[in-house]
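As numbered in this note's numbering, residues 8 to 70 make up the sequence shown, in order.
Check the hints yourself; a few may be wrong.
Stated by the list, open to error - What follows is a list of derived Cβ distance ranges for each label pair:
(1) F68 to S24: 38 to 44 Å
(2) A46 to I66: 28 to 34 Å
(3) A64 to L17: 48 to 54 Å
(4) A64 to L12: 17 to 23 Å
(5) A64 to L28: 29 to 35 Å
(6) D32 to F8: 35 to 41 Å
If you are wondering where the hints come from, they were derived from the structure by calculation, not from laboratory data.
Just so it is clear, CB atoms sit at the ideal spot from N, CA and C, and this is done for glycine as well.
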Amino acid sequence: FYAVLLIVELLNSAIESVVDLVSPDYNIYAKRAKDMGSAAVLFSLLLALVLWLTAFADIFFPY
């Protein structure tokens, strides 16, 4: 699942680079695009955490 996290992070970096190139000045839409890319990275990280905790739930919470 780390590959998905890496892909999302690379896409976020690409989005930020394109936004910086197209809009060098402050723009609310540029800020939104960067924030949404960062949110996608955060959600993929949280999903990876949930999957790891689910996979190792027997170790952490034995019945």
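Hints and how they fare:
| no. | hint | verdict |
| --- | --- | --- |
| 1 | F68 to S24: 38 to 44 Å | holds, 42 Å |
| 2 | A46 to I66: 28 to 34 Å | holds, 31 Å |
| 3 | A64 to L17: 48 to 54 Å | violated, 30 Å |
| 4 | A64 to L12: 17 to 23 Å | holds, 20 Å |
| 5 | A64 to L28: 29 to 35 Å | violated, 45 Å |
| 6 | D32 to F8: 35 to 41 Å | holds, 38 Å |
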